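K.L.:
Starting from two chains that each stand alone, build the complex the way the hints lay out.
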Amino acid sequence: MPLELYLDLHSQPCRSVLLFAKINKIPFEYKAVDLSTGEQYGEEFGKVSIIRKVPVLKDGSFILTESIAILQYLAAKHRTPDHWYPADLERRARVDEFLSWQHTNIRAHGSKVFWFRDVIPAVTGSQVPKEKMDAAVEELNASLKIFEDKFLQSRPFVIGDKISLADLVAIVEIMQPVGTGLDVFQGRPALSAWRDRVKKEIGVEIFDEAHKTIMNVNALAQTFESKGIPEFLKLKLQKMFN
Amino acid sequence: MALEMYLDLFSQPCRSVYIFAKKNNIPFDYKKISLFEGYQYSEEFGKINLLRKAPAIKDGDFCLAESVAIMMYLAEKFHTADHWYPADLQKRARVNEYLSWQHSAIRIHGSKMLWFKLLIPKALGTEVPKEKMDNAVEDFNTSLNLFEEKFLQDKAFIVGDQISLADLVAIVEIMQPVGAGMDVFEDRPKLKAWKDRVRAEIGAELFDEAHQGILHCQEAVKTMDPKVLEHFKPKILRYFLS
Chain A
4 MPLELYLDLH SQPCRSVLLF AKINKIPFEY KAVDLSTGEQ YGEEFGKVSI
54 IRKVPVLKDG SFILTESIAI LQYLAAKHRT PDHWYPADLE RRARVDEFLS
104 WQHTNIRAHG SKVFWFRDVI PAVTGSQVPK EKMDAAVEEL NASLKIFEDK
154 FLQSRPFVIG DKISLADLVA IVEIMQPVGT GLDVFQGRPA LSAWRDRVKK
204 EIGVEIFDEA HKTIMNVNAL AQTFESKGIP EFLKLKLQKM FN
Chain B
583 MALEMYLDLF SQPCRSVYIF AKKNNIPFDY KKISLFEGYQ YSEEFGKINL
633 LRKAPAIKDG DFCLAESVAI MMYLAEKFHT ADHWYPADLQ KRARVNEYLS
683 WQHSAIRIHG SKMLWFKLLI PKALGTEVPK EKMDNAVEDF NTSLNLFEEK
733 FLQDKAFIVG DQISLADLVA IVEIMQPVGA GMDVFEDRPK LKAWKDRVRA
783 EIGAELFDEA HQGILHCQEA VKTMDPKVLE HFKPKILRYF LS
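Protein sequences, first through last, are from chains A and B. One gets our numbering by counting positions in the first sequence from 1 and adding 3 to each. One gets our numbering by counting positions in the second sequence from 1 and adding 582 to each.
Hints listed in this document are in silico derivations from the structure and should not be mistaken for laboratory results. For clarity, every value in this text was computed on a predicted model and none was experimentally measured. Careful, some of the hints might be misleading.
Stated by the list, open to error - With a cut-off of at most 25 angstroms between alpha-carbon atoms, the simulated DSS-like pairs for lysine-lysine come out as follows:
#	chain 1	residue 1	chain 2	residue 2
1	B	K774	B	K604
2	A	K153	B	K629
3	A	K50	B	K673
4	B	K774	A	K153
5	B	K640	B	K605
6	B	K815	B	K804
For reference, chain B alone in the conformation it holds in the complex (with noise of 0.2 angstroms):
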């Protein structure tokens, strides 16, 4: 029985699990799903993932959720290339230290901004007050300013010369507030030449293929009927009570 792959590429970390497959050929059934339409709330879908997120994978019986451990899965039962999570001690530390930190960092603070941008105004009809924004924008910008600090410093990628996990997690997470017209890499040379040394890494066709989506959010966010985005206001409801 094939693996089953459940991902919506509008997801961060669907991305990531969809271009990390792909990269290393390995072979799985793309079930496409929409988060927009509320597919994750289907019986289904319950079936395959309790928690209702996407990525979800499906390995025979054996059903998978957390794109961080979907990875690390696939890395160990393909035998990918080591550089992806390296065996070395320390090195697989770093990567790691990384996966985790960018939990409560970069990823909650960059999906913030596609829906204080995008989906907020388009679900409420009304611009996200200026504070939060601002607020939001500068957690943003803290979490950058940390990667390129701490987790980047001078080196070609997170853990030194080569290619990891990490740099694939970052990529997909910091292209989101891109997605929703945020220009991240406007004076930030360094990480724009880590995003280009990345999507090189990756392929230019692949990163581009998965990309596609979120870089075409603003314009699908435009035609879209505010009425799709009504399962979600328990969840914007929780982003002003927070």
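Isolated chain A (complex conformation) (with noise of 0.2 angstroms):
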């Protein structure tokens, strides 16, 4: 049984997921999840993972969720070149101590402004409040800075000649807010000549394939007006906002 992948390229774990498989010519069956409709919280997906996230792999009998162990996982099985996730012991230690840092910090950020100009605005017809995106966009900027001061320096990948998961991770999760308009590499040299370089490590072309749908800023839109906005949607802006 093929190996599947359980993705949907708005979501940025997803695409390095996806970036990760394509490098490594990783054959796997795409299955794509629409959470734009909610498919997450459906029956059918709940029998994938309860956790009602994607990325998920499901190998064989096997399902794991969470692109990091995902990542960390297909490296191993496939033996993928060394430099993806080095065996060296602080090399290893320098891409597991971005990964660990991500997450709450350019992840959380860079998804947060693409939902306050992307997704509130598709759904609510109405803009965030000038406060609340000022507050955003600043907490962004704040992790920017400390992925240039200490993750990147003045080395031309996170841990040095070669590119990671590290690089990998951070690039989608950066994109993210730039599908919405706002071009965090303006202004920025140094990370921008970072983004050229990772784009040809991975392959200019499977990059902009893979990064397509965040980049159709308006479809969402389009989406809710044509779909109508999903339950789960509607509930998650009331928590936003209180």
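P.N.:
Here you go:
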């Protein structure tokens, strides 16, 4: 039975998993999950994962959630080139350090900006209050600064000369706010240069293909107009503003 | 040169690192720091960890942040018993899956309990609005439900018969709201039984020693001068602007 990957390319962690599988020519069956219709809350998907998030990996009867765990699993199982997740103790620790930090920093702040600039206006028809928006962008900027000052510094990639899971996870997260029209690379030459290097290593074509969905900003509003707004989204929005 | 560990045991990730090192007889130079007093903002600490968070370690010239990365590094370097971070592909994936999920789930919601119930009222002199508090408690309970339904199920420990990094990280996070005065284990017999098993595996003495500070947090906060928490004001405001 082939490897199944449950993905929605609106989701950053789905993009890192897709790209990693493609770059390393890991054969898999693409199982599309439509988050915009709430498919993750359906009965079918519940049989795959009760956490009701994407990505999910199904390898025979083995089901695994969490992109970081999935990437680590695929790297080990398919013996991908060492640089992705080095065997060297200190180099691996550097990758692990970034993969841990990013959850509540770049990931959280990039996601929030995406929600504030794209999803919420698409659902409610109105803009997020300025104070809240400014605070969200400020947090994102703070995370980006830390990424540049601590994780990247003057190295070509996070851990040195070669791309690793750290760069892959970083780039898909940083592209999320970019998709809403907030060009975080503008005014950040070092970050832009790093992005270009990462794109080249991944392969510009597959990178752009993976990011096509998120770069198509207006589509969400149209989706909600034609398909309606799923219940889970209404509830989530209510909670966000309490 | 000895391994230096910069720890404040009020912090959950510091407790997991402390317990892991002690349990495995890993020799280290205990650098006790105070986050309340703002040591993380010192120039000295900035050289150890630019992220200005604890835990942080300095092993010779090698500095490392992020408890998950630190424990993986220590497990590998000191060849700790396999069950902590199993070599088996699927078992390791289960540990990685939990360690990834917990950042934005139990950790974030459990941390909020301490802030909302103790620290914010102390710092601002007012209680957190009821609706915000109720939402935060609900989020925490939802995380605990998922922990029991998906990660623990009917197993003795998260990965199966033996304790791993997953249980260690889970327990220190769950103890945080306990320190805030919440009886987390009331009406959760399965969770309580797991906690007792984990405490026994770690060693009751070591477990209790590591948790002494957080379990006396309520008293410590009562006698605390609110001015001590001044430097946390930006963080507190973010809780309300988010």
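K.L.:
Going back to the hint list, which numbers does this structure go against?
P.N.:
4
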